[in-house]
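Asks: Chain order of the listed sequences is A and B. Quick note: my numbering has the first sequence finishing at residue 66, numbered continuously throughout. Quick note: my numbering has the second sequence finishing at residue 283, numbered continuously throughout.
Be aware that one or more of the hints could be misleading.
Result set (SDA-like, lysine to any residue): computed pairs, CA atoms no more than 20 Å apart in a straight line [as the list claims (entries may be wrong)]:
1) B:124 <-> B:165
2) B:139 <-> A:63
3) B:281 <-> B:268
4) B:196 <-> B:268
5) B:139 <-> B:91
6) B:33 <-> A:63
7) B:124 <-> B:211
8) B:196 <-> B:211
9) B:265 <-> B:221
10) B:265 <-> B:165
11) B:139 <-> B:178
12) B:196 <-> B:13
13) B:139 <-> A:46
14) B:139 <-> A:40
15) B:139 <-> A:38
Just the calculated beta-carbon pair ranges, DEER-fashion [to be verified]:
16) B:88 <-> A:54: 42 to 52 Å
17) A:52 <-> B:113: 27 to 37 Å
18) B:20 <-> A:45: 21 to 31 Å
19) B:58 <-> A:20: 45 to 55 Å
20) A:26 <-> B:214: 30 to 40 Å
21) B:214 <-> A:38: 37 to 47 Å
22) A:42 <-> B:142: 14 to 24 Å
23) A:20 <-> B:189: 55 to 65 Å
Calculated directly from the structure, the hints in this document are not laboratory data. For clarity, every value in this text was computed on a predicted model and none was experimentally measured. Where a beta carbon is used, it is the ideal one built from N, C-alpha and C, also for glycine.
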Amino acid sequence: MNVFVNGDPHNVSEGTTVAQLLAELDVTARHIAVEVNLELVPRTQHAEHRLRENDRLEVVTLVGGG
Amino acid sequence: MALGAQNPPPQLDGRLQVGTHTLASRLIVGTGKYASYEQMAEALALSGTDCITVAVRRERLVNAAGQNILEHIDTGRYTLLPNTAGCFTADDAVRVARLGREILLSLQNPGADWVKLEVLGDSKTLLPDPIATLQATEKLVAEGFQVLCYTSDDPVAARRLKEAGATSVMPAGSPIGSGQGILNPNNIRICLEYLKDGDPDYPVIVDAGVGTASDVTIAMELGVDGVLLNTGIAHAADPLQMALAMRSAIEAGRLAYLAGRIPKKLSATASSPQSGTIAPKPR
Numbered sequence: 001m002n003v004f005v006n007g008d009p010h011n012v013s014e015g016t017t018v019a020q021l022l023a024e025l026d027v028t029a030r031h032i033a034v035e036v037n038l039e040l041v042p043r044t045q046h047a048e049h050r051l052r053e054n055d056r057l058e059v060v061t062l063v064g065g066g
Numbered sequence: 001m002a003l004g005a006q007n008p009p010p011q012l013d014g015r016l017q018v019g020t021h022t023l024a025s026r027l028i029v030g031t032g033k034y035a036s037y038e039q040m041a042e043a044l045a046l047s048g049t050d051c052i053t054v055a056v057r058r059e060r061l062v063n064a065a066g067q068n069i070l071e072h073i074d075t076g077r078y079t080l081l082p083n084t085a086g087c088f089t090a091d092d093a094v095r096v097a098r099l100g101r102e103i104l105l106s107l108q109n110p111g112a113d114w115v116k117l118e119v120l121g122d123s124k125t126l127l128p129d130p131i132a133t134l135q136a137t138e139k140l141v142a143e144g145f146q147v148l149c150y151t152s153d154d155p156v157a158a159r160r161l162k163e164a165g166a167t168s169v170m171p172a173g174s175p176i177g178s179g180q181g182i183l184n185p186n187n188i189r190i191c192l193e194y195l196k197d198g199d200p201d202y203p204v205i206v207d208a209g210v211g212t213a214s215d216v217t218i219a220m221e222l223g224v225d226g227v228l229l230n231t232g233i234a235h236a237a238d239p240l241q242m243a244l245a246m247r248s249a250i251e252a253g254r255l256a257y258l259a260g261r262i263p264k265k266l267s268a269t270a271s272s273p274q275s276g277t278i279a280p281k282p283r
């Protein structure tokens, strides 16, 4: 099924969890935060939060800023 | 009495208290726009700051080899202050504040409970949207954030933000990154008078517009509690020297404020005795 990650379409298996997607994306989990459909998904829920067709995810990190 | 016989030598007063956060330095430094992460890390160290701002952005998923700024920041040394830079609505600023908090919680950094709120009204001037800033402040305060509000130097807006529960109000000296310094010291003075009325310890921090060391000193001499800057160091011809200059400037300005400057007068007041001169006075 398709989901959108940071605006781009991304194909994942049915029932993929946030944690599984992050592992697939090879990001350092400690450095990122995830929002699904404008709602923050706390780290403690990554392993159980299952994605649904056309979910819109934001995977963000910290960058330099003032 | 012999010099220094009884009184300890003059020194800087205590630390900067912002809500529950106690900072050793009155300078807060941004982490953007340095030539390299190495230069950033060195400039931060030279500035003497113990609090640095960071922004929240999409992870670059296509470039796994890209370095993350967190690999260059000692999160045990610095309290991170996440900002909501780039947000133009209250709702987006609230989302970004929550995302920043989530990352800082995972880093176990003490900055997880505060945010530098920026809700911009215009991408050319980067001036704040005062109404959206107020709305976002109310929402974030209700969610338990300690909110440090970037705002214009409008004293009425400043007062409304404090009333909404802002932990600190941070008026801009001039537009972000403009290097124009403190354009309206009078407004900053009125902000201070309003915000500290009956609450002298309420922290007021000048955020934005600082171009060089004297701008920092002027802000501190007005009586603000601290200065937040980024471009003034990061884009100086030599950011490391400028980091040192800013460190000295914040101390000079604070000491001068505490010392109490002399009043300005139209004409001269002689420093040497007027009597006993061997030369006749012209008149």
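Asks: Out of the numbered hints, which ones does the structure contradict?
Replies: 1, 2, 4, 8, 10, 11, 13, 16, 19, 20
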